[in-house]
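*Asks:* This is what each chain is made of:
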Amino acid sequence: MRVIKARDAFFSDYEALQFLSKLQRKHRWDENSLQEMKNFNKNKKGRFQKRPYNHPVLQGIVNDTLSYLTISKSIAATQDNEEEKEENEETKKKENEKQRQSPLTKLNDKMFTQLMNKLNNFELYKIEKLQIVNQLPTNMVHLFSIVEECDSRFTEDQINEMIELVASYVNI
Amino acid sequence: MFILSHIKDLVRIAPDQFHQDTLRAVKHQLNNKYANKVIPQIGLCITVYDILDIDEGQIKPGDGASFINVEFRALVFKPFIGEVLTGWITKCNNDGIQVSMGGLFNDIFIPRRMMFENCFYKPDESAWLWQMDEDTELYFDINEMIRFRVEKEIFIDIKPKDPSKVDEEIDDDMGEQDETTNRTPPYALLGSCQTDGMGVVSWWE
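Respectively, the protein sequence lines represent chains V and C. Sequential numbering from 1 applies to the first sequence in the UniProt record's numbering. Sequential numbering from 1 applies to the second sequence in the UniProt record's numbering.
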């Protein structure tokens, strides 16, 4: 093994999420395919079913990474979730599940490039932009922890603008 | 949090794999070698991202397999120093807090000297506590979501086990399954919780 370039490129969480879920579908490890496979094994009827790719180690790490990426990192969503759990309705449950998911899962390529272009209007470093699109901070403290010396580099209006911008992509 | 690393490697394709498409066989071998493994000085490799270049296969005397030089990019988990990450507290002890990121990565540690001022450990509750001011005490509870900054990465070269001792260890394993939790991690992160916005996520919302 020879490492030619240790860091060829940065990879955002969104890209990782897209890449890995595509991989999961391709190897038939996603829930739908696994369900299909189960049904097929039970009945042994119907057309030939393509088998999932047999590579437990890869499957494990892909699933773990995806579950980390899809889980919501903001506390508001999870708390709502617990309160509403008591109502125990099917539709509510589904809605909660959606809430518990990270806003990253709701983005698509077009929205992502749009967000990136809009962030380019601010004088942020590449690393800061990367962290903003990874974590999508919607409150001031979170943004301040990512952007160094935020209060001296940006005016209050600019900071609010940034937070509103991110929030407009989070709350869809 | 993730990077792409450009790596060159020699892949051995065994004769029983010759019926497969070369690209597929190469990817399979690479994933066998790299998926969920730590590459020293780089990070935790998740999977092969793309194949950049495949040479023609070569054969070596005495081996029926074909050897192929491959250049590829790997998707690697490697947070940069200073990056802010979110994880869950798994363990608290006198030395600090152990944090995990789901099943993805578990060897993150926040030592006591890298926490807020006025942080102390309560042995009877086995939890860390942050005395923000005189009336406010905030707890670092287990399973809370915690935000921290990456301060340092540590790579430890793990040597293969001594074959003469492996037998003994197999006997030991029968007795206690705790062995996996006490191993030294090949790649560990040290985090800090010293600035605003760090610590348990719910404090700041």
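Don't read these hints as lab results, they were simulated from the structure. Mixed in with the good hints there might be a few duds.
BS3-like, lysine-lysine: derived pairs with alpha carbons at most 25 Å apart [unchecked claim]: (1) Lys-5/V <-> Lys-8/C; (2) Lys-22/V <-> Lys-152/C; (3) Lys-22/V <-> Lys-33/C; (4) Lys-126/V <-> Lys-152/C; (5) Lys-5/V <-> Lys-152/C; (6) Lys-33/C <-> Lys-26/V.
*Asks:* All hints are to be evaluated individually against the structure, with a verdict given for each.
*Replies:* To see whether the hints hold, each was checked on the structure:
{"no.": "1", "hint": "Lys-5/V <-> Lys-8/C", "result": "10 Å, holds"}
{"no.": "2", "hint": "Lys-22/V <-> Lys-152/C", "result": "32 Å, violated"}
{"no.": "3", "hint": "Lys-22/V <-> Lys-33/C", "result": "21 Å, holds"}
{"no.": "4", "hint": "Lys-126/V <-> Lys-152/C", "result": "21 Å, holds"}
{"no.": "5", "hint": "Lys-5/V <-> Lys-152/C", "result": "21 Å, holds"}
{"no.": "6", "hint": "Lys-33/C <-> Lys-26/V", "result": "20 Å, holds"}
When each numbered hint is compared with the structure, a violation occurs for hint 2 only.
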